[in-house]
Amino acid sequence: MRPFETFEHTADIGLVARGQTLEEVFTHAAEGLVDIMVDPEGLRENTRLEVTVSAPDREALLVAWLNELLYLLDARGLLPRRCRIIHLNETSLTAEIVGEAVDPQRHHVRRMVKAATYHGLRLEQENGQWEARVILDL
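Mapping of the sequence shown onto the numbering used here: position 116 corresponds to residue 116, and the numbering continues sequentially without gaps.
Source of the hints: derived by calculation from the structure; they are not laboratory data.
Quantities reported herein were computed from a predicted structural model and do not represent experimental measurements.
One thing to keep in mind: the hints can contain errors.
DEER-style ranges, computed between Cβ atoms [said to hold, decoys possible]: (1) Gln105 - Gly128: 23 to 31 Å; (2) His108 - Gly128: 35 to 43 Å; (3) Asn46 - Glu126: 20 to 28 Å; (4) Arg122 - Ala101: 31 to 39 Å; (5) Arg110 - Arg76: 33 to 41 Å.
Where a beta carbon is used, it is the ideal one built from N, C-alpha and C, also for glycine.
With the hints as extra help, turn the sequences into a complete structure.
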(Lines of atoms letter the chains of each structure in order from A; the text may use other names.)
(Lines give C-alpha, C1' and ligand atoms only; values in the text may rest on other atoms or scores of the structure.)
Protein backbone atom coordinates (compact mmCIF):
# COMPACT_ATOMS: atom_id res chain seq x y z
CA MET A 1 0.00 0.00 0.00
CA ARG A 2 1.33 3.45 -0.92
CA PRO A 3 1.70 5.94 1.94
CA PHE A 4 -0.47 8.42 0.04
CA GLU A 5 -3.58 8.39 -2.13
CA THR A 6 -5.70 10.87 -4.00
CA PHE A 7 -9.41 11.52 -4.12
CA GLU A 8 -11.51 13.56 -6.51
CA HIS A 9 -12.81 16.94 -5.43
CA THR A 10 -14.83 19.37 -7.55
CA ALA A 11 -12.34 20.78 -10.10
CA ASP A 12 -9.50 20.01 -7.68
CA ILE A 13 -7.82 16.92 -6.27
CA GLY A 14 -7.49 15.73 -2.69
CA LEU A 15 -4.37 14.18 -1.22
CA VAL A 16 -4.26 11.88 1.80
CA ALA A 17 -0.84 11.11 3.32
CA ARG A 18 -0.19 8.72 6.18
CA GLY A 19 2.72 7.86 8.42
CA GLN A 20 3.81 6.66 11.83
CA THR A 21 5.39 10.07 12.51
CA LEU A 22 4.73 13.62 11.43
CA GLU A 23 7.99 13.55 9.49
CA GLU A 24 6.69 10.60 7.50
CA VAL A 25 3.38 12.34 6.80
CA PHE A 26 5.12 15.49 5.52
CA THR A 27 7.48 13.38 3.40
CA HIS A 28 4.64 11.28 2.00
CA ALA A 29 2.58 14.39 1.26
CA ALA A 30 5.51 15.72 -0.79
CA GLU A 31 5.80 12.39 -2.61
CA GLY A 32 2.07 12.44 -3.34
CA LEU A 33 2.22 15.99 -4.66
CA VAL A 34 5.02 15.11 -7.07
CA ASP A 35 3.24 11.90 -8.12
CA ILE A 36 0.14 13.89 -9.02
CA MET A 37 2.19 16.15 -11.31
CA VAL A 38 4.73 13.78 -12.95
CA ASP A 39 5.95 10.20 -12.85
CA PRO A 40 8.57 10.33 -10.07
CA GLU A 41 10.33 7.14 -11.21
CA GLY A 42 12.21 8.99 -13.93
CA LEU A 43 13.45 11.79 -11.69
CA ARG A 44 17.16 12.08 -11.11
CA GLU A 45 18.95 13.21 -7.97
CA ASN A 46 21.43 15.80 -9.21
CA THR A 47 20.31 18.89 -7.27
CA ARG A 48 20.24 19.31 -3.49
CA LEU A 49 18.57 22.16 -1.69
CA GLU A 50 17.76 22.87 1.95
CA VAL A 51 14.54 24.76 2.65
CA THR A 52 12.86 26.06 5.78
CA VAL A 53 9.19 26.97 6.10
CA SER A 54 7.19 28.22 9.05
CA ALA A 55 3.54 28.69 9.89
CA PRO A 56 1.35 29.34 12.94
CA ASP A 57 0.42 25.65 13.47
CA ARG A 58 0.96 22.12 12.15
CA GLU A 59 -1.89 22.21 9.66
CA ALA A 60 -0.78 25.53 8.18
CA LEU A 61 2.78 24.18 8.13
CA LEU A 62 1.68 21.31 5.88
CA VAL A 63 0.10 23.79 3.46
CA ALA A 64 3.21 26.01 3.59
CA TRP A 65 5.45 22.98 2.94
CA LEU A 66 3.51 21.83 -0.12
CA ASN A 67 3.28 25.39 -1.43
CA GLU A 68 7.04 25.80 -0.99
CA LEU A 69 7.57 22.74 -3.17
CA LEU A 70 5.25 24.24 -5.78
CA TYR A 71 7.14 27.54 -5.56
CA LEU A 72 10.46 25.74 -6.15
CA LEU A 73 8.96 24.08 -9.21
CA ASP A 74 7.58 27.37 -10.52
CA ALA A 75 10.54 29.62 -9.69
CA ARG A 76 13.49 27.24 -10.11
CA GLY A 77 12.05 24.43 -12.17
CA LEU A 78 12.96 21.93 -9.44
CA LEU A 79 11.15 18.59 -9.30
CA PRO A 80 11.86 16.78 -6.01
CA ARG A 81 12.72 13.09 -6.23
CA ARG A 82 12.91 12.75 -2.47
CA CYS A 83 12.75 14.87 0.65
CA ARG A 84 14.39 14.32 4.00
CA ILE A 85 12.95 16.16 6.99
CA ILE A 86 15.82 17.53 9.05
CA HIS A 87 13.78 19.41 11.64
CA LEU A 88 10.04 19.52 12.35
CA ASN A 89 8.09 21.06 15.20
CA GLU A 90 4.65 22.64 15.58
CA THR A 91 5.51 25.76 13.57
CA SER A 92 8.61 25.12 11.44
CA LEU A 93 10.15 22.59 9.12
CA THR A 94 13.58 22.27 7.56
CA ALA A 95 14.12 19.71 4.83
CA GLU A 96 16.67 18.61 2.30
CA ILE A 97 15.17 18.30 -1.16
CA VAL A 98 16.91 16.19 -3.78
CA GLY A 99 15.77 16.22 -7.38
CA GLU A 100 16.39 17.73 -10.75
CA ALA A 101 15.38 20.55 -13.05
CA VAL A 102 12.34 20.03 -15.24
CA ASP A 103 13.23 18.46 -18.58
CA PRO A 104 10.25 18.65 -20.96
CA GLN A 105 11.78 15.86 -23.05
CA ARG A 106 11.66 13.41 -20.12
CA HIS A 107 9.03 14.76 -17.69
CA HIS A 108 5.49 14.46 -18.94
CA VAL A 109 3.04 16.50 -16.89
CA ARG A 110 0.09 14.55 -15.54
CA ARG A 111 -1.61 17.51 -13.85
CA MET A 112 -0.43 20.96 -12.89
CA VAL A 113 -1.10 21.87 -9.28
CA LYS A 114 -1.46 25.59 -8.52
CA ALA A 115 -1.56 25.47 -4.73
CA ALA A 116 -2.29 23.52 -1.57
CA THR A 117 -5.38 24.97 0.11
CA TYR A 118 -6.86 25.20 3.60
CA HIS A 119 -10.21 23.87 2.40
CA GLY A 120 -10.97 20.58 4.18
CA LEU A 121 -7.49 20.54 5.72
CA ARG A 122 -6.92 17.92 8.41
CA LEU A 123 -3.84 16.65 10.19
CA GLU A 124 -4.55 14.26 13.03
CA GLN A 125 -3.31 11.20 14.81
CA GLU A 126 -5.50 8.16 15.35
CA ASN A 127 -4.50 4.75 16.69
CA GLY A 128 -0.83 5.68 16.58
CA GLN A 129 -0.87 6.72 12.93
CA TRP A 130 -0.87 10.22 11.50
CA GLU A 131 -3.07 11.19 8.57
CA ALA A 132 -3.16 14.40 6.57
CA ARG A 133 -5.87 15.45 4.12
CA VAL A 134 -5.39 18.46 1.89
CA ILE A 135 -7.16 19.77 -1.22
CA LEU A 136 -4.89 20.83 -4.08
CA ASP A 137 -6.03 23.53 -6.48
CA LEU A 138 -5.53 22.45 -10.11
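Hint-by-hint comparison with the structure:
Range check, Gln105 to Gly128: about 44 Å between beta-carbon atoms, so the 23 to 31 Å window is missed. Between His108 and Gly128 the beta carbon distance is about 38 Å. The supplied range of 35 to 43 Å therefore holds. Roughly 39 Å separates the CB atoms of Asn46 and Glu126, a value that falls outside the hinted 20 to 28 Å. Our hint of 31 to 39 Å for Arg122 and Ala101 holds, since their Cβ atoms are close to 33 Å apart.
In this structure the hint that Arg110 and Arg76 lie 33 to 41 Å apart at CB is violated, the actual value being about 20 Å.
In summary, the structure is inconsistent with hints 1, 3, 5 from the numbered list given earlier, while agreeing with the others.
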